[in-house]
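So the chains spell out like this:
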Amino acid sequence: MTHAVSNGLLASDLVKNFGSVSVLKNINFSMNADEAVGIVGPNGAGKTTLLSALAGAFQLDQGSILLNNQDVTEKCASARCNLGVVRTHQIPKPFDGMTVFENVLVAASYGVDADKQTAYQHTLNAIQLSGMEHVANRQAESLGLLDRKRLELARALATQPKILLLDEIAGGLTEAESVQLVDTIKELRRQGIGIIWIEHIVHVLLQVAERLICMDSGEIIADGEPQAVLSNPQVVKAYLGGGIE
Amino acid sequence: MSQWTNSVTIQRWTPSSRYAIVFAGLVLVLLALAPLFASNGLLDRLTALFIYVILAAMWNALAGYGGLISVGQQAFFGLGAYFTIRIADLGLDPFISVALAALIVGVISYPISLVMLRLKGGEFAIGMWVVASILHLMVNLDGLIQGETGISLVSLNHYDSAQRLTIIYLLTLGSMAGLLALLFFVLRSKTGSAIQAIRDNEEAATSVGVKPEKTKQLLFVIAAFGIGVAGALWLTSATTFLPKTYFSVQWSAYMIFMVLVGGIGKFEGAILGAIIFFLVETWFSSTGVWYLVSLGAIAIAFSLFLPKGIWGELERRFNWHFLPVGYQVVEKNKINTDKK
Ligand SMILES: Nc1ncnc2c1ncn2[C@@H]1O[C@H](COP(=O)(O)OP(=O)(O)OP(=O)(O)O)[C@@H](O)[C@H]1O
Ligand SMILES: [Mg+2]
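First to last, the protein sequences are chains A and B.
Residues in the first sequence are numbered consecutively from -5, following the numbering used here.
Residues in the second sequence are numbered consecutively from -5, following the numbering used here.
Incorrect hints may appear among the rest.
As the list claims (entries may be wrong) - Within a straight-line C-alpha distance of at most 35 Å, the following computed DSBU-like cross-link-like pairs (lysine-lysine) qualify: (1) B/LYS184 - B/LYS205; (2) A/LYS69 - B/LYS238; (3) B/LYS184 - A/LYS87; (4) A/LYS19 - A/LYS87; (5) B/LYS326 - A/LYS69; (6) A/LYS180 - B/LYS114.
It is worth saying that the hints were derived from the structure and are not from the lab.
Sequences and hints are given; from them, build the entire structure.
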């Protein structure tokens, strides 16, 4: 589904190879800035790589990315964050030697133009939204995996994103915790934040995603209304043996 | 939704840090008055201590806060001394030469940073050693220096020896205080938190808007400038410039020792490490080779068994935060406690 988007992301013909492995094969993707898009696909399909490409984590081998009609293909992750596109990392990357508050403050100070007091407010809000109040002063290296994932979310939120790219943040949550997470994401949706969310736990994802994309072997094999995508024969085949819930 | 964010506030100073700053101020005043009552020998030794403090603080900023471990910072120590000789040779006052030389070192370090900061981890560390060796060779090519014979900062003779000692002492004390204040200010600022974020995870820092290149360049230049000041001041106090002693990797060994023992990544740690090194040197340096071997062994022991150094241990045990560069979230009704 590629169409001109004046307000949102438009990625055309994305190609990324790691050595001889072709991880993104001519991906075309677009979304409006206020959409909520879920991405599923088997392990190694290239989901994280697509997210990294959109976030500007590496140079593409081919293709272009427009954000609100502005060409950002050559822009680094830092510049894209300043333009409102920020990502979380599937494998959390905390600033180990800093406290949770300090981790998030870096994002609040550099992700968006804000004076000190505003940055503090953004930081505290992001910490609360991610449910990390009780560990605000903890050194990040002492956090468990769940809190590390929450920290990824908190840091991303503190940059006041317009489009938020989430990479498997629901894994390992209890039922109650995923309800809370969904509430948080719904709240962000109400604020008009666009979301791309990679998630293996499909029933959680579908509470937020209005549109679903399925990737397999570096290609988008289905894209559209979630139930239609899930019952698409190609998608069923891609998951054969793996099993989609 | 808003209860927690409204019930807390951000604290940067602690009561103990206020006392610590007052105490540090008093110590500085006392040290500034020392020429009135201290012996020349003591002033000379204290001058060396202040230079160690500068070196340790700069290496700690670079490695402890910025994650840029270098074994080539003697490059800037040597250049600081070399340019002082060069500028003084033009007929300028030796102390003005010191200031200009340090500035030149800062300026020169910028293009060096553009090349060297492309290297990561061990490559950067060793690459800096290579830079130091190349600069050492280049300085040796300058006819003025007379190769490894060396040259003296003869213009110091315009001052009588007691006056000279006092000027050097006070200049070094002032430089140390000024450079420590500069580092404290930078590390406590927004830039300081970016420096630490880059150290911990450059990719993550970039993804939340930090610009790693500029930030690292700034840190690199500050550290080079500070070590340039140290080299230039060392020359005024030693008077003779011998390239091989100034560009020696031994200086890196000293810096690493001071920072590892005192506490890497702790502002107070570097200062403590310099004092410990100074005492060890005062008491044991006459034991020659064994002195160097022991320094190395102690540094390794610390990094294995007490990785946060002596200050890290004190901080953990007694919750001391004298010169905090970080942030604490505290509940509004519990303001002004030292507790985490
Ligand atoms: N930096 C890299 N270097 C080499 N190969 C890589 C790199 N990053 C990813 N790959 C490979 O690219 C393919 C796609 O990886 P990617 O992480 O995008 O998959 P994914 O769909 O996110 O999978 P998962 O569901 O396991 O997270 C995999 O085969 C992976 O091994
Ligand atoms: Mg992935």
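Comparing the hints with the structure gives:
1. B/LYS184 - B/LYS205: Satisfied, since the Cα-Cα distance of roughly 12 Å is no more than 35 Å.
2. A/LYS69 - B/LYS238: This hinted pair is violated, its Cα atoms lying about 46 Å apart.
3. B/LYS184 - A/LYS87: holds (20 Å)
4. A/LYS19 - A/LYS87: holds (27 Å)
5. B/LYS326 - A/LYS69: With a Cα-Cα distance of about 42 Å, the restraint between B/LYS326 and A/LYS69 is violated, given a limit of 35 Å.
6. A/LYS180 - B/LYS114: Violated - the C-alpha atoms of B/LYS114 and A/LYS180 are around 41 Å apart, more than 35 Å.
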